[in-house]
Amino acid sequence: MTQIAEPGERAAPGFAGTAAEHKPRTRRKFNIQSVLGTTPMIVTAVGVFVICIIFSIIWSFTNSKLFPNFNFIGLAQYERLWANDRWNISVRNLAVFGVLSIGVSMVFGYLLAVFMDQRIKQEDLFRSIFLYPFAMSLVVTGLVWQWMFDPNLGIQSAVRQLGWTNFEFAPLVKQETALYGLVLGGLWNGVGVTMAILLAGLRGVDSEIWKAAKVDGIPTWKTYLFIVLPMMKGAVATAFILQMTGIVRVFDIVIAMTQGGPGVSTQMPAVYVIQHITDRVNVGQGMAAATMMLLPVMLLIAVQYLLRWNANRKAGRA
Amino acid sequence: MTTSVSIKDLSLNFGNVKVLESLDLEVAQGEFIVLLGPSGCGKSTLLNCIAGLLDVSDGQIFISGKNVTWDEPKDRGIGMVFQSYALYPQMTVEKNLSFGLRVARMPKAEVDARVKRASEILQIEPLLQRKPVELSGGQRQRVAIGRALVRDVDVFLFDEPLSNLDAKLRNDLRIEIKRLHARLKNTMIYVTHDQIEAMTLADRIAIMKNGVIQQLADPHTIYNRPVNLFVAGFIGSPSMNFIKGDLSGTTLSVDGQANIPLGNYQFANQTNGASILGIRPEHIAVGEEARKMPVQMESEIEIVEPMGADTVAWTKIAGQSLTFRAAAEVHLEPGQKVLIGFDPGRGSVFNAASGNRI
Amino acid sequence: MTTEAISPGLSAGTLSGPRGPKPKTVTIGRIGVYAFLIISAVFFLMPLWVMIVTSLKTMPEIREGHLFNWPALLTFDPWLKAWDTACTGRDCNGLKPGFWNSVKITALSVPVSIVIAMINGYALSFWKYKGSELLFGILIFGAFVPFQVVIYPLIIGLSKVGLFATLPGIVVVHTIFGMPILTLLYRNFFASLPIELFKAGRVDGAGFWGIFFRIMLPMSVPITIVAIILQVTGIWNDFLFGTVFAGRENMPMTVQLNNIVTTTTGTREYNVNMAATILTAAVPLVVYFISGKWFVRGIAAGAVKG
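Protein chains in written order, with this note's numbering: chain A, 1 to 318; chain B, 1 to 358; chain C, 1 to 306.
Hints are computed from structural coordinates only; laboratory data are not their basis. Take these hints with a grain of salt, some might be off.
DMTMM-like mimics (lysine to aspartate or glutamate), calculated; alpha carbons at most 25 Å apart, straight line [stated by the list, open to error]:
#  : chain 1 : residue 1 : chain 2 : residue 2
1  : A       : LYS174    : C       : ASP77
2  : C       : LYS293    : A       : ASP206
3  : B       : LYS244    : B       : GLU302
4  : C       : LYS293    : A       : ASP117
5  : C       : LYS22     : B       : GLU302
6  : A       : LYS222    : B       : ASP9
7  : A       : LYS121    : B       : GLU72
8  : C       : LYS24     : A       : ASP117
9  : C       : LYS22     : B       : ASP24
10 : B       : LYS131    : A       : ASP206
11 : B       : LYS209    : B       : ASP24
12 : B       : LYS116    : B       : ASP166
13 : C       : LYS24     : A       : ASP124
14 : B       : LYS108    : B       : ASP154
15 : A       : LYS233    : B       : GLU134
16 : A       : LYS222    : B       : GLU72
17 : A       : LYS314    : B       : ASP166
18 : A       : LYS314    : B       : GLU134
19 : B       : LYS95     : B       : GLU134
20 : A       : LYS174    : C       : GLU64
21 : B       : LYS74     : A       : ASP85
22 : C       : LYS22     : B       : ASP154
23 : A       : LYS222    : B       : ASP24
24 : A       : LYS314    : B       : ASP9
25 : C       : LYS22     : B       : GLU72
26 : C       : LYS24     : B       : GLU21
27 : A       : LYS222    : B       : ASP55
28 : C       : LYS24     : B       : ASP154
29 : B       : LYS185    : B       : GLU21
30 : B       : LYS168    : B       : GLU125
31 : C       : LYS22     : B       : ASP55
32 : C       : LYS24     : B       : GLU282
33 : B       : LYS95     : B       : GLU125
34 : A       : LYS222    : B       : ASP58
The following block holds chain A by itself, in its conformation from the complex (with noise of 0.2 Å):
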């Protein structure tokens, strides 16, 4: 379980932190060829993440309905939402995915990386099984186990016919349960990809370090769990990151799984807008959601900016 320096593979290229400034590079006389060759940039920045999000806004404070208006209502719509039971299930389900999917795959993702980091026999074989998922799409994650969760053909009956009748695996057709069928589904989806971010944040860790800890005698577990891991603050932000966006915007793998049920034990604020913008023609109201869900991304970019102004603080200080 030695871990000197191993050639070949190490941290992924670009990694953690790439969008830190970068050093000011020499100063340019403006140049309108620049300005033109990036006009798409403009009007995507500009009109799109910009102008179309103020919109959203707008019309959240309005009583639009299938076609937007600009009538105004105050906080009518935030009201109704917070006081609309699916609303508020959504919001609870959404947590209850997210700290689940993000808790379990943080911890498996590690582990299989660690594992993985052991000087295994065919390495690459292991990456490409435990990653080829991500590669496929949501829906078709979605479907696939919605069909080996199927109560009466999937892997319930098939242990059943193995002599364990009383064998139940059927998450998706119970309320108190549908929830963890979806988080199982996406961790088989996401897993490989903490897996790999994780190994590429693991293989990044100076490898004197390693060399250190065996003379001083540190357990390999303990060295894994208390010195590197704290080490690899960037693949573990990275990989954490990553799944965050993923999961507020969860959508495609509850429509193909279970549409919100059985009941509404499913439903996500990101169907709930979608739902409210098409089928329920209630677009101030599906504004009013969508504008909820931008408040734990501008929370979590808060929250960056406020690392990186500590990180900065403390590297002015040494």
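Put chains B and C on the given structure of chain A with help from the hints.
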């Protein structure tokens, strides 16, 4: 004198690549051995084998009389200091020093005593509650040395510990390591590619190339009596002048243009034929001084490099380039004709074919 | 065994004892490592196996409930049906229209989005102008924004210019939402190139486009491979934008697959459903297995959102 570390017939292969080949090395108790060589010569690999961080392919390693060939690093009675310091970044200096001891379930009083002693020796007491990021490079390396110190072991291993430091810090810390050795009198095995470090620190230097120790001797011998062309060329800056010629008896004929009498040179096993005379730039005298030398010749200066403390000049004898070092006061300029001279007794003669000293 | 004492400090018989490499023993830990990895591998492979065997079974056999068994009676009819005749509501043309729609959408969106992002990254690295960093900041913010927040105004905007529910419309949408990641990818790539390259180009008299086409474009082949992998799999697998923006005419494969599986009336044909699922997953899977390590790099690159 007792043996502290003993390596017998050690080999290491990575696949088909032989990194170390049948290597033997005896290190005496309290000795400071430096493993010196160009990158890829196997010096760090050898150190890692001694530490138990690499599994050897063949041979044995003894530390303090105990066969540790199959032992875990922690059971070998060694402490190790690394180039990148390898401090645990999220722990304070104190935790860094004590982590290994606490993992080994040493009583707290004993841990504290050892940390206290190590931090006193290294004068890092004020830093104990800081984290590695808050330390300078020099301070970090002291902590890293401290981590080896608290282990209270017989043998210290250093893997290029100063290479990440800037030149001035490197000099300061070098002195400190020397002081530390004088005080602790532990056995130290020190890997470096820096010949100044090797010359200043070592009791004996082992110069390595391609996984083989070329010469193992005290710095003075290494410098003055290199056993082969590799050692002669590797040590010294600017490096030794090599004058190719044909040796017959005690005369070296250089391209038929010049004959250099080697009367003063003490041959170990003289062989006639293609030979190389090695003479260090600092052993070549110029001007009045040159007149006292057994070998003298006129030559024309090509390039002058003033170094401040002295001056290095480039010239040619019998078509072969030659550098010499002159005192800074001596005025030299390109095109100038000067008299140079040297004493072959201070030089080295090598057989051109084998590269070995004769 | 006994030799002349090589070192006086060591007792006789020093050449006995352990020698050479430590013998490798199969430890419990080692077995545990492989056991964990193999059990995990089984978990990850199980759905693929189930998909394949189910798609090759006849419906009567499926109803027996042996989910994991290899088909007793091998049939390829479900595959033909899934491709050719499976029904979505009234249309019974199978998945093939969806497949060709996805091909069209992907073939158009991938080059357009990549070319635009490449120019963005190039300009952001070498030709910054007042406000360009702010624009980039907004774009990165866009990578985090849940799509639902911008979807509705975008629908209205695209309707106004007559692009809603058209092929160009969905291409525009994919270009917009691919832009943050791809621009970041290219910006980081160009920023990692030595600035001297750019300066040399300037000294030689090349301008914005000259340097782009003659120096930067040829150098960005590797990163473009990563971008292509990222975009092909991302766009092929998209469901939300396809549902909302493509319209009935251009419905991509994922949407059609979902419709086939979830809106079937009467008896559900699980074998056809699974064949359809495999067919939909086939393109990104092929990309994945061909690209290998590049795919991992693509993920890592795509993960650079922080």
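Status of the hints after comparison with the structure:
1. LYS174/A <-> ASP77/C: Since the Cα atoms of LYS174/A and ASP77/C sit roughly 34 Å apart, the hinted pair is violated (cutoff 25 Å).
2. LYS293/C <-> ASP206/A: 22 Å, holds
3. LYS244/B <-> GLU302/B: 20 Å, holds
4. LYS293/C <-> ASP117/A: 17 Å, holds
5. LYS22/C <-> GLU302/B: 59 Å, violated
6. LYS222/A <-> ASP9/B: Not satisfied, since the Cα-Cα distance of roughly 35 Å exceeds 25 Å.
7. LYS121/A <-> GLU72/B: 23 Å, holds
8. LYS24/C <-> ASP117/A: 18 Å, holds
9. LYS22/C <-> ASP24/B: 19 Å, holds
10. LYS131/B <-> ASP206/A: Roughly 17 Å separates the two Cα atoms, so the pair holds.
11. LYS209/B <-> ASP24/B: 14 Å, holds
12. LYS116/B <-> ASP166/B: 28 Å, violated
13. LYS24/C <-> ASP124/A: 23 Å, holds
14. LYS108/B <-> ASP154/B: OK: LYS108/B and ASP154/B at ~22 Å, within 25 Å.
15. LYS233/A <-> GLU134/B: 18 Å, holds
16. LYS222/A <-> GLU72/B: 16 Å, holds
17. LYS314/A <-> ASP166/B: 23 Å, holds
18. LYS314/A <-> GLU134/B: Roughly 9 Å separates the two Cα atoms, so the pair holds.
19. LYS95/B <-> GLU134/B: Measuring from Cα to Cα gives roughly 15 Å; hence the hint holds.
20. LYS174/A <-> GLU64/C: Given that 25 Å is the threshold and the Cα spacing comes to 23 Å, the pair holds.
21. LYS74/B <-> ASP85/A: 61 Å, violated
22. LYS22/C <-> ASP154/B: 23 Å, holds
23. LYS222/A <-> ASP24/B: 36 Å, violated
24. LYS314/A <-> ASP9/B: Violated, at about 51 Å.
25. LYS22/C <-> GLU72/B: 10 Å, holds
26. LYS24/C <-> GLU21/B: 22 Å, holds
27. LYS222/A <-> ASP55/B: Holds, at roughly 22 Å.
28. LYS24/C <-> ASP154/B: 29 Å, violated
29. LYS185/B <-> GLU21/B: Measuring from Cα to Cα gives roughly 30 Å; hence the hint is violated.
30. LYS168/B <-> GLU125/B: 23 Å, holds
31. LYS22/C <-> ASP55/B: 7 Å, holds
32. LYS24/C <-> GLU282/B: Violated: LYS24/C and GLU282/B sit about 54 Å apart, past 25 Å.
33. LYS95/B <-> GLU125/B: At roughly 13 Å apart (the allowed maximum being 25 Å), GLU125/B and LYS95/B satisfy the hint.
34. LYS222/A <-> ASP58/B: Cα-Cα ~31 Å, so violated.
Comparing the model with each earlier hint shows violations of hints 1, 5, 6, 12, 21, 23, 24, 28, 29, 32 and 34; every other hint is respected.
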